[in-house]
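Novice: Residues per chain, in single letters:
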Amino acid sequence: MVREGRRYAPAQQLRPFAFSEGAKEAALGLVLTLPPMIMLVLLVVVPAVEALLFSLGLVPKDNVVFSTGLHLVSSPTPTLKVYRDLFASHFFVDDLVLTFSVTFATVALTVVISYVLALYVRFSSGTLPEIMRSLYLIPMFVPVVIASYALITFYVDHGLLQSLLVQVGLGYGSPIYAQSGVILGEVWTQIPFAVLMIGSGLDGLPQELVEAAQDVGAGFFSIIWRIVFPLNLVPVLIVATFSFIGVMGSFTVPYLIGPNAPQMLGVAMNAYFGTYQQPQPAVAIAVLTFVFASVAGAIYVWATSRSGRVA
Amino acid sequence: MANLELQNLVKRYGATYAVHNVSFAVHDSEMICLLGPSGCGKTTTLRMIGGFITPDEGDVLIDGRSVVKDPPERRPTGMVFQRYTLWPHMDIYHNVAFGLELRRKSRGEIDRAVRGALELVGLPGVEKRHPSQLSGGQQQRVALARALVLEPRILLLDEPLSNLDAQLRVRMREELTAIQRRVGITSVFVTHDQEEALSIADRIAVMSNGVLVQMATPAELYSEPATLFVATFIGTMNLLDSTLSEDGQVVAGPFRVPIPRRNDLRPGSRIVLALRPEDIVVGPTSQNGTPAQVSQAIDLGHYRRLTVEADGARLTVFAPKAQEISLGACRIQPQRALFYADDNLIGVSDKQAVAVGASN
Amino acid sequence: MRLTWFLDVAEFRKAIGLILVLALGAFLLLPLATLLIWAFADVWRYPSLLPQQYSLRWWNWVFTNGDVGKAVFYSFTTAPVVTLISAIVCLPAAYAFSRLKFPGRQVFFIGLLATNAFPKFGLYISIATLFFELNLINTFWGVVLIQLINTLVVMIWIPAAGFDAVARELEEAARDAGAGPLRVFWRITLPLAMPGIIVAGILAFLAALDEAQGTLIVGSPRIITMPVLMYSLVSNYPEPVGAIFSVLLSLPSLVLLLFARRFLLAGYLAAGFRGR
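Chains as they are written, first to last, in the working numbering: chain W, 7 to 317; chain Z, 3 to 362; chain D, 42 to 317.
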């Protein structure tokens, strides 16, 4: 029987619209991650994109700093003229070569020195390795400015090092204000992170693997070369990548310790912007540095995704 | 073929002794087990033989020559570890060949040796695979092949089967024994599993708190354990506290057993009577024996495990499957008993000498 | 005889160890020691190993210098503020990266790394104009924002590793005993992840304290911090001044190093960077 004006639905549960557990988790995750992501977008991504566009010749009218630069290349469509001009300048090319050679040299030295220190701490016991553990952390707690200044006062011509050497009758050529000084300073600051990373990789190496090699007759260098090295590649790659990115774009060490010409890219950027009043080449250099660093970063991503697969 | 001798080995960590004056000899082609609970010093002893730990005092001799000053890579020993044995970044071939390559053997020799070793352990043809592709048991077999391929004089095994599941463990230890006998290599095997030790060893060295308590064949260890620790560690044992009575009898729970006269034992001394569960016979009340009560009977397949109570004592008894047992009153007769004073075995009573009587 | 025979002899091994420690010690500490000596020197001419004349007059100069006072003030007000804001903004995100599944998680995480790859100086140039329009140039908060950039990555990665290290079973046991999600976070997860968070906090504080380029562009001449002042002191004044300033600027780092030695387990740093 049907009542007047109303229709009864058949016996059927009306379910309220419920979110699944997974959807709730996803929403919460996004909400919590939003604040820093927004900050990063506003403070990094947006300025980076603006810089990129500016370097491609698209001069923003409302940007006072950019639009009042000298030697502006302005064009309605993206153009590579700024970059071409840079590469045409032999000053810039010299800077580029210097930056790469310093970066590669630093990375190589850092990896070698840090590996030696990490091996020592891992395979020895007693008070000396304990001292070492605290020692190699020191540069992490010294601001880069101070570290650079300290290195300058020690290594400079007629500085303390030369005074020490002259006591034993040795000659001396100061690395300060030369390429080797920059490498020295960069390595000095990179050591803590590198040793910590490589050391942590070594810690994950089961002692049995080393003992088994000893048991079959392997000596010290055989074990390092054939067992320890191959099983510890990922941390080394990570150290190399981070060092590469850091040194490529570094400013303080080369600014204070380095030569006036050629300069590292970070210093060159500063010179174009501040001294020469040319913001456009400055941001173009920044973009280039980012491109080189991204290649290194891509290697890092590849390396860590591989480490997930190796047992 | 080689002899191994340990002389007065001592290893201290701070104030504690991990290994305290351990000495024993292993004869040519023997398989010795170091058996004991965790922390007893068995692994430390093994690692001192292998060269991974340097003893504070004492000597290790292989074929009469002292090797205690040699590092592991120069000792004629081969070790199979408990876990993380194979190098994960090399395939099986290179894992086994590693030591041979270090010794600069020719490629042909190496190929032959590797193939031979893998066949010996029952894994022909796995050269190209990687450790992660093998099961736990297979990995340990490769580890054994790697150790044997270098033809060491002493084979050392550090609880190699402990990480495998129960059934696999039993199968693997039988294969391990077969391989060891076939090759005839002098071996030292560490384990905490007494069943494992009893089944594979020619002789067992039982250790506790860094000390070697008893070294004997499995049969001797089982039937005449030298201390209460060994008696309870190996197999199951019923223990009854008692005192020596005036007339030279040991009165323990429901039993009254004579003990061979000894001068150093005065009446009143504390004696522990120990009986194996299978050495107590249970019979119906019509038979001779001490009155007792069967309070529990568990069928374990090929035998029955009974809990029997008599005179305040609770005994575990193993009865054959064929025997008819019902709960309740019964009679029990001990067939064989061991006597311990001050923790040491002082006497054994076998069937003939055991007298049974009520303890009143 | 093998090439490495000496490694078997314990005495040689110890000697090599000693050489390594002394060499590293000299490499790292001698330059710092030089600065320390300079801070108390008046005249120090080559080839003398120690100053010919000591004096404390430069200390007097530094402490009475208005610029120095201003720089110290702003350094020690911006850095803590930056660390605090960074913690508030980043720690929830760190928790999310560690414990929650949400779309774009991998992308965001890699994006964090990518933002580090763009040279800061290039960013500062662009940011400067943005701040100009927002009237943030020459302001305290402008400097805070600039210093904040350097801390975001470290404040997410390392605490995320710290949260990872808290076994889920511990949280589940608390839920089982009747605690709600917020209480579990407050009483179980957060305290256990605290060492990692403290390490991150220390590194963030030091990063903010150390920041010079961005602060120079956005803050000067009104808001200057110690590193910014350091650049001009180093170039324009004699060695003792730079040295004294270095000592002052190092003090907070030293205090933090002693405090953090307990917490600075290599595992946290390395785990953060090892990738997820």
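The set of hints was computed from the structure by calculation and includes no laboratory data. Don't take every hint at face value.
As the list claims (entries may be wrong) - Pairs of lysine-lysine residues, derived as DSS-like cross-links and limited to a Cα-Cα distance of at most 25 Å, are as follows: (1) Z:K107 to Z:K130; (2) W:K67 to W:K87; (3) W:K30 to D:K142; (4) Z:K71 to D:K142.
What the hints assert, rightly or not - Some chain W residues well away from chain D (every beta-carbon gap over 10 Å; in silico): (5) M45; (6) H164; (7) P265.
Note that the Cβ used here is the ideal one computed from N, Cα and C, for glycine as well.
Novice: Now tell me, hint by hint, if it's right for this structure.
Specialist: Each hint, compared with the structure:
1. For the suggested pair K107 (chain Z) and K130 (chain Z), the alpha carbons sit about 20 Å apart, so the restraint of at most 25 Å is met.
2. For the suggested pair K67 (chain W) and K87 (chain W), the alpha carbons sit about 19 Å apart, so the restraint of at most 25 Å is met.
3. For the given pair, K30 (chain W) sits about 10 Å from K142 (chain D) by alpha-carbon distance, which is consistent with the 25 Å threshold.
4. Taken as a hint, the K71 (chain Z) and K142 (chain D) pair is broken in the structure, with Cα atoms around 57 Å apart against an allowance of 25 Å.
5. Distance check on M45 (chain W): its Cβ comes as close as 7 Å (rounded) to a Cβ of chain D, failing to clear the 10 Å threshold; non-interface status is violated.
6. Some Cβ of chain D comes within 10 Å of the Cβ of H164 (chain W); the nearest lies about 4 Å off, and the non-interface call is violated.
7. No Cβ of chain D comes within 10 Å of the Cβ of P265 (chain W); the nearest lies about 16 Å off, and the non-interface call holds.
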